Amino acid sequence: GQSLEQPSEVTAVEGAIVQINCTYQTSGFYGLSWYQQHDGGAPTFLSYNALDGLEETGRFSSFLSRSDSYGYLLLQELQMKDSASYFCAVRSSGGYQKVTFGTGTKLQVIP
Amino acid sequence: EAGVAQSPRYKIIEKRQSVAFWCNPISGHATLYWYQQILGQGPKLLIQFQNNGVVDDSQLPKDRFSAERLKGVDSTLKIQPAKLEDSAVYLCASSPLGDRVSEAFFGQGTRLTVV
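So the sequences go chain by chain: X and Z.
For the first sequence, this note's numbering gives the first residue as 1, with consecutive numbering after it.
For the second sequence, this note's numbering gives the first residue as 1001, with consecutive numbering after it.
Chain Z on its own, in the form it takes in the complex (with noise of 0.2 Å):
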């Protein structure tokens, strides 16, 4: 089974320009999650999708923050101004419904520099 796809994998931007973020989960999860994760941190939740719909997007800096999950699968996270501290890794991550699901599969993430 394919894994959580994210690209691109680095990317280094200045302040100020804008940056966007992609996401193709495994097939069938109905649940994605975008994280945020600075060095030396556990991830921060963002956003939380299930299938097409935001279930979660209380800490996601709506001024700057927005994220879209096209058709319930493919999501993409953007920034737009970028600033200095938004520098991290973004971790995309999807799980499938129901009471017994335990994990969340993650993808590789994508690592963002903002000088």
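Pulled out of the complex, with its shape left as it was, chain X reads as follows (with noise of 0.2 Å):
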């Protein structure tokens, strides 16, 4: 089976930068995505990682080590709207594609 660790919960101060980590085990590892969620809203797509590195997406960068099974979600310049929940996804294969969320990390930004 999948499983992702997150921490559960970051602050962090608006204008600086965040890192929230995420861990995972799986079989048939294809790539790790980052999702953000807002309270009561849906999950929104922010960026994905096939292959080993860093992908910078404005504001957003997240990086992966296949190696390590691991990877991050980096946040510059950190805005009030940031506050959110953050969820790390495995993307496995095995004859079809299958999306396995972590347990979320809440950030709230404080200014």
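Hints listed in this document are in silico derivations from the structure and should not be mistaken for laboratory results.
It is possible that some hints are incorrect.
Said to hold, decoys possible - Cut-off 27 Å, straight-line C-alpha distance, at most; resulting in silico cross-link-like pairs (DSSO-like, lysine-lysine):
| no. | chain 1 | residue 1 | chain 2 | residue 2 |
| --- | --- | --- | --- | --- |
| 1 | X | K106 | X | K81 |
| 2 | Z | K1044 | Z | K1062 |
| 3 | X | K81 | Z | K1044 |
| 4 | Z | K1015 | Z | K1071 |
| 5 | Z | K1011 | Z | K1044 |
| 6 | Z | K1044 | X | K106 |
Predicted model, so just to flag it, every value in this text is computed and none were measured.
Build the complex: two chains, separate frames, hints provided.
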């Protein structure tokens, strides 16, 4: 089966940088995605890593190390609207592509 | 492009009653997922369809939950009878097929309260 671990809560100051880590165990690993979910909202896609290294999309970057089964989401120049839950999700293969979510990290941005 | 549509947005039922949720995925998306999200937790995959066939229902409580995807497009998820622990948000998502596919598109969900 699949399992993912993330910190449950993180607090950071507006304008700062925060890193949210994710470690995973899975068979047939295909890639690691990150989703953002505001309270009462739907998860929205942020980024995806299939290969080792850093992917940058504006203020958000995501990193993957396949050998360490580890990834992180880096949020720069934090804004109050970044307060949300962030989920890593493993895409695994094996005849079909399955997306399994972690338990989520609740980020609180404070002034 | 229209997003994933779900209805109803909210539903309150008594335990032992039945309930159904509807999902219309993004046009052309072959893969459809139903997730259950309990407050404070990550989405848990209940069932995954590829076109109109089930590819994963390993975490679906089959004694009370059922789902179908008509003609490989719309899908319904049913709970009968409901239990208190079924209170959650039920999220539908869809994605196209392909090795390069990385994103699942989510609907707004149906918030179910069982009392």
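Please flag the earlier hints that this structure goes against, numbers listed from lowest up. Failing hint: just 4.
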